[in-house]
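> What follows is each chain in one-letter form.
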Amino acid sequence: MNWLIGAVLFLILAPIGGGLIAGIDRKITARMQGRVGPPLLQPFYDVGKLFEKERAVVTTAQNFYVLAYLIFIALSGALFFAGGDLLLIVFAFTLAHVFLVLGAYAVHSPYSHIGAERELIQVMAYEPMIILAAVGLYMVSGSFYVTDIVTTTVPAILYLPGVFLGFVVILTIKLRKSPFDISTSHHAHQEIVKGITTEFSGSTLAQVEIAHWYENVFLLGFVFLFFAWNPVLGIIAVAVTYLAEIFVDNVTARARWQAALKSGWLATLLGIVNLAILSYMMLGGA
Amino acid sequence: MSTMAFLKRSPWILHYDASSCNGCDIEVLACLTPLYDVERFGIINTGNPKHADILMITGGINELNRAVVRNLYEQMPEPKVVVAIGICAATGGIFRECYNIAGGVDKIIPVDVYVPGCAARPEMIIDGVVTALSILEEKRAKMTGAAQIKDDARQAAGETT
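Protein chains in written order, with numbering that gives the first Met the number 0: chain A, 0 to 285; chain B, 0 to 160.
Please keep in mind that the hints were generated in silico from the structure rather than gathered at the bench.
Just so you know, nobody snuck in bad clues.
To give a feel for the contact side, a few chain B residues facing chain A, derived at Cβ under 7 Å:
id	residue
1	SER9
2	PRO33
3	GLY46
Okay, derived cross-link-like pairs now, SDA-like style, lysine to any residue, Cα gap no bigger than 25 Å in a straight line:
id	chain 1	residue 1	chain 2	residue 2
4	B	LYS149	A	SER202
5	B	LYS106	B	GLY46
6	B	LYS138	A	PHE43
7	B	LYS149	B	PRO78
8	B	LYS7	A	PHE43
9	B	LYS7	A	PRO38
10	B	LYS7	B	ASP24
Where a beta carbon is used, it is the ideal one built from N, C-alpha and C, also for glycine.
Produce the complete structure using the sequences and hints provided.
If you want it as structure tokens, here you go:
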């Protein structure tokens, strides 16, 4: 019964939490740039506004794909908070992004197509590392199920420092923050970086935004898993990680897509080295 | 939803330079700097007509960008407003006698707010946008009202037939 409560709570609370996180993010970013910044609830105003606008649609297929994107992001998050299988969650998460890319490809617009290609490159960059993070947590806790990983008493972060660092690198890609915000950013609204959302407007764009909130809450939950043996420390670690991401977002320039891809795979390499050492220690060494 | 009115709390802007001397454009961009920080009002400079609520045009319309301006305006989803920034956007300004100038923005598309000045100051531009917000809100109310009337008529017709 617990799993159902977790999933339902996620589906209801994650958009609220995710929107608030986005509001705090924009406020802190503004303060870092010496600005006053928008109100805390600005992300909710934006999404509310988008639902008020006229529904201008290029092809109806795009709406279908974006809705599928939202549903599968919400599904992967709900599975996560229900304590489900981490591998299944990662695959549902990837499938969601495939739908977003298809949505952008559905319209015959060069901006949209470049955006879709950039999104695909991002998926290529982070996908190996996110699977590796799941494998690392399995090696420490002996289970792929989130329920078991959360209740384990082993401090996962001490065994998986390389995996965690690698995960933080791809978290920068996933949270769409500089230097790896090559496909959609919270800034640069006039640039090709925003390509993937060019042809989405009104309620379709609002769905992309809500999916992003779901995604952020899910990813911060993933960060928590590394510190799950001590929940207080875990929450502190999640907050510190997110603040660090905001800081990095504001002090770095955007990298080229080649650099983003290389960084993603270098992070994976770091994770693999970490896991190799760990399996050596487990097998015979210590 | 109709009573909430999120629109005026989150106006996204599309800025287009019709044939401005760049004076007004610099002032528009100055509004985004930390000194004026229009993001306080939830204003974002989008650069995409499909995401925009307010079309800001600087400079008079010339013969080559007539079609471009109309196209940008038509791509913006309703409700939308147009703000003409600077005297050239209002009337053509000192360029109005030029052979290639069609005149102010209102020669091509309906303009809701005129911001005078050469160049228009950032304070004036922000004031113009805030004025535009109330017009935007009016248009939104009219739009939902019209949709409501259409819906009622449809239902009434459905009942009689």
